[in-house]
Structures are given as structure tokens and as C-alpha cells.
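Please put together the full structure from these sequences, using the hints given.
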Amino acid sequence: MRRIEFEGKERMNRLEKIVKVILTILGLISIFTTIGIIFSLFEETLMFFKEVSIVEFLTGTKWTPLLEPTHFGVLPLVAGTMLIVVIAAFISIPIGLGSAIYLSEYAPKKVRKILKPVLEVLAGVPSIVYGYFALTAITPFIRNIFPETSVYNALSAGIAVGIMTIPLVSSMSEDAMMAVPDSLRNGAYALGATKLEVTKDVVIPTAMSSIVASFILAISRAIGETMIVAMAAGSTPKLTFNPLESIQTMTGYIVQISMGDVPYGSLAYKTLFAVGTLLFLMTFTLNVISRYFVRKYRRAY
Amino acid sequence: MEAILSVRNLNFYYGDNRALKDINMDIYKNNVTAFIGPSGCGKSTFLRTLNRMNDFIENVKVEGSIIYEGKDIYSKEMEPVELRRRIGMVFQKPNPFPKTIYENIVYGLRKNGVNKKEILDEVVEKTLKAVALYDEVKDKIYKSALELSGGQQQRLCIARAIAMQPDVVLMDEPTSALDPISTMKIEELVLELKKDYTIIIVTHSMQQAARISDYTAFFLNGEVIEYDETSKIFSNPRDKRTEDYITGRFG
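From first to last, the protein sequence lines stand for chains G and F.
Heads up: the first sequence begins at 1 in UniProt numbering, then just goes up one per residue.
Heads up: the second sequence begins at 1 in UniProt numbering, then just goes up one per residue.
Calculated from the structure, these hints are not laboratory results.
Note that the Cβ used here is the ideal one computed from N, Cα and C, for glycine as well.
Among the clues, some could well be false.
Covered stretches of chain G, as calculated for chain F (at least 3 residues, CB under 8 Å) [stated by the list, open to error]:
#, segment
1, 199 to 213
2, 228 to 240
3, 262 to 273
Under the rule of at most 20 Å between Cα atoms (straight-line distance), these lysine to aspartate or glutamate pairs were calculated in the EDC-like manner [claimed, not checked]:
#, chain 1, residue 1, chain 2, residue 2
4, F, LYS93, G, ASP182
5, G, LYS195, F, GLU79
6, G, LYS195, F, GLU58
7, G, LYS110, F, ASP16
8, G, LYS110, F, ASP55
9, G, LYS296, F, GLU58
10, G, LYS109, F, GLU147
11, F, LYS99, G, ASP201
12, F, LYS143, G, ASP201
13, F, LYS129, F, GLU58
14, F, LYS111, G, ASP201
15, G, LYS110, F, GLU58
16, F, LYS99, G, ASP261
17, F, LYS194, F, ASP16
18, G, LYS110, G, ASP201
19, G, LYS116, G, GLU105
Listed below in C-alpha cells is the structure:
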């Protein structure tokens, strides 16, 4: 047979090198833009703290950066965010976990095949749609029951944020529970455990770290959620825990100022960055914690 | 000889596929009964019908009856949960719960309302001794069972099963994931346990069946080809197919 001449290895090597260089550049771009954003955020924040003490910012209970006399206590915004987060968590954690348990342990295969994609589609609904839903459906409903409720209120927005984060909890928790090997379930069944006991004693504890991670991610998402709270929660920075009042979250404040006509470089302008940095640190910490839980889970099985 | 389980005309279907065909068999008390046969012959499926572990698979059907203590285990009076307390099971791959050794052993007891510490402590010690694991783990019974070796985990799973004081222990290829020394220990354990329990073991190893069982059933394509005392099956099989299998001509 004729000896076949193969093209040299050189061509392959050249292509390999070029691809490697391109991919490295792309990777670096994503890393450096992120670092750049964080850097500029921190830079403006430092400028802000030259004019306002960090103690006043973190402990002050009044937030009136645009009104004389100005106050720069961020606590009302933090409280507003927390109120939304707590309400959202009360919705998304039980419903998300419940549907995850149903899908993973109780639903017949056919039902799961239909329901799981439906839940995942829910995760793709733009948050402005939820905001609109909060304003036009949830708020009137609440006002029917509690007529003294403000048009803009934390409860309505919190519920909408909660509904939005259900798929986050259910999808991640369900994946974790599905990953629990059947051999473990069978082991418990063979000892005379009921289905509920198997779920409660074996499946959930084994998947616990990922379940907790999903809760944290949902909370982190709720903290960062902007559109719904900007539309439905109001714009009254207020240190209150009454969910029926109008409040303002950190994100809501940022939207309000960004869209207003605050002069570039003014102190009010710089508050954006201070609030933004605080927001970033909160969600970043939560994401780190959630990653820690996921990794802990991988170790066991 | 007293039969503890009597299987009559048992058929089992996965969808339309008839996986077990007209099985009739008496399982004798305080004996070791081995099921042998090539992969896919139905021996594991049959084992799992005995404590209704097949209930969890969708789209299966059982016909015929399995009489245990005068009752058909597939009748309405029989609670599968209760049945599995009395007929325990050990699986192919060791499957300890991600809990402590102690909690693994007492799990079944706790689920059945036994919570007295003295009783639980006693059961843990006794069962660990019964499976010859006590000396190896006595200092770490409050540590995670996942830290044990595969062979130790499997003996723990046997301890977990006998902690329920079952009548019958089903073993589904319990040594197939283990090294030879661990396998030997499990085999010794089986011989020890048959004084108190009836043991049914599925094995792919004919040597293992010959070493430890009193009765052997040979399965092929969902049928029991031959069921008899182990010595007869291995020295003087009546059916040509049994002979071919045990002499290694197929399977």
C-alpha cells in the first residue's frame, strides 16, 4: 500500500497555541472587567467616606441624602431590604422545598417530566413582569384584606420576589435530592421505614448542604432584586418592620437616584456607590457561604 | 423441615416483560438458601419480591402468592412496612446512612418506637459483636459510618438488618463489591447467623453458594430450573442446564 503522507504536527501545534491565546484573553477580559467594576465601586465609595463618617453610614437611622438636613444612615434601606428578604424567604423556602420534595420523592415520572420544565420556565420570567403582577394583582388583594395598606408596600413586593425565587430553591434542592443514591433509600425501606421517614431521615439530611445552599442563593437573589421592589415596594426609606408600609430597599434607592437628575460628582451621587458596595458585599458573602455548603455536600457522596 | 416462606405460582412482570415465571418454592427456616444463575435470570428480582422491595418500581405486576406466617404478603392485610421489619435485607453495595455507626444500627428500632437508651446501647453492642465488628469499631461508634472500609460497612449493614430481630435476612450479592478477605468474613458471618435467622442469599459465585448454603435454586430466564439441597445440586444435578451452568459451560 502507498505510504500516506500526513500533514505535520506543526499545523496542529500552531492552531493549539492560537486557540489557547484567544481563550486566555477572553478569560482575562471577564476577570479584569469584574475587577475593574469592583475597583471603581470601591474608589467612589472611599470618596464618599471622606465626607461622611463610616459610623454614621452604618449606624444612622435616617436616610435623607437629597433633603436638608441631610442624613446618611443606611439602616432604613438595609431594613427595607431585609423586610423584603424575610417575606420572600417565607414564600420561596417552604414552597420551593415542598415542590422539590414532591418532584423528587412523590411525583410519578410522567408528572415530573411535565412539572420540572414548567418550574424552570418560571425562572425565566423577566422580573418586570413580576413587578407588574405585584402592583396589579397582589397589592389590590392585600388592600382588600388590610384596607389601610399603602399602594406601595413591602408585603406585595416581598411576595412577588418570593414567587420569583421559588424555582431557584426547588430546582437546586430537587437536583440534590435526586442525586441521593437509591441504595440509601432502599436501605431505609428495608428497615421498615415509611416513605415520609425515608424522605425526612435519609434524603433530606443527605442533600442538606445543597438545600441550604439553595436557600442562601435565593436570599442573595432577593437582596439584589431590583425591578420588583422599585415598582411595588415604594420609595420611602423608613426604619420599619411593618410590611404594609411603603419602604425603600438598597436596590430601590439606587434605581431612584440613577434615574433622577443628581449632579455627577455630588455627595448624593456618591451615595450610590456606598450603597452599591454594601449590597455587593452582602450578596458576595452569601454566595461564598453557599459555595462552601455545596462543596461540603460533594465530599460525602 | 419447617417452611418459613412458601411461594406459589409466582409471576412477575416489568411492563409486558414477564421476568419471573410460575415460581414455586418453600424456603426452610434456619437454613441458608442460595439463588444462583446468570445475570438477568431473575434471581434478584425474585429476592426483592420476598419483602416487596419491588413496590417502588413503577409499572410492575405480581401474580401468585407468597405465604409468610399463614398470610399472603401481597394481600391487603399485610403492611409492606411491617413485612420489611420482619424480613430484612442487605444490598449489593454497602449502603450505610451518612450518620454515626450507632445511629445506623438503631435507625430501624427508633422508627418503630424503641428509644430507650439502655435497650439501644445493648442492641448496638450485641449486633456489632454478632457481625464481628465490635472490636474494630468500639472506639468510634459515634463517628460517621462512612469512615469505615467497604467490608466493615457491609458488616454494619448486616448489623443494621439484624438489629430489627427479623425472621429472614435477604442478601443481594452482599460480597460482590468486596475484597476476598472481607468476603470470607461475611461468609463466616452468614454461617454463624443461620442459627438465629433464615438467610436467603443471591450470589453470582457458585463457590460461595457451595460453601455456605444448605439449599440452592438455579434460575434461568425467570424460571427455577432446579431447587434442592446444595450438595445434590452441585454433585448430582438432575437438569442438564444446571449441570452446564455449575460446570462453567455458560453464564
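Task: Annotated coverage of the segment 262 to 273 of chain G by chain F, confirmed only when three residues or more have a Cβ within 8 Å - done: With 0 residues close enough to chain F, the hint is violated.
- [ ] Decide if the proposed pair is consistent with the structure: LYS99(F) and ASP201(G), CA atoms, cutoff 20 Å inclusive.
- [x] holds (10 Å)
Open item on the list: So if I understand the rule, the pair passes when the alpha-carbon distance is 20 Å or less; does LYS109(G) with GLU147(F) pass?
Closed with: violated (34 Å)
- [ ] For the pair we were handed, LYS195(G) and GLU79(F), check the Cα-Cα distance against 20 Å.
- [x] At roughly 13 Å apart (the allowed maximum being 20 Å), GLU79(F) and LYS195(G) satisfy the hint.
Open item on the list: Hinted pair, alpha-carbon criterion (20 Å max): LYS143(F), ASP201(G). Please report holds or violated.
Closed with: Satisfied, since the Cα-Cα distance of roughly 17 Å is no more than 20 Å.
- [ ] Check whether three or more residues of the segment 199 to 213 of chain G sit with their beta carbon closer than 8 Å to a beta carbon of chain F.
- [x] holds (count 4)
- [ ] Decide if the proposed pair is consistent with the structure: LYS93(F) and ASP182(G), CA atoms, cutoff 20 Å inclusive.
- [x] Status holds; Cα separation ~11 Å.
Task: Restraint check for LYS116(G) with GLU105(G), where alpha carbons must lie at most 20 Å apart - done: Roughly 13 Å between the alpha carbons, so the hint for LYS116(G) and GLU105(G) holds.
Task: 20 Å limit on alpha-carbon distance, applied to hinted pair LYS110(G) and ASP16(F) - done: Answer holds: LYS110(G) to ASP16(F) is near 19 Å, not above 20 Å.
TODO: Quickly compare the C-alpha distance for LYS110(G) and ASP55(F) to 20 Å and report which way the hint goes.
DONE: Within the cut-off at roughly 17 Å; holds.
Open item on the list: Holds or violated: LYS195(G) and GLU58(F), Cα atoms, limit 20 Å.
Closed with: holds (15 Å)
- [ ] Assess, step by step, whether the Cα of LYS129(F) is no farther than 20 Å from the Cα of GLU58(F), and give holds or violated.
- [x] It is violated: about 39 Å lies between the C-alpha atoms, which goes past 20 Å.
Of the numbered hints stated above, those contradicted by the structure are hints 2, 3, 9, 10, 13, 16, 17, 18, listed in ascending order.
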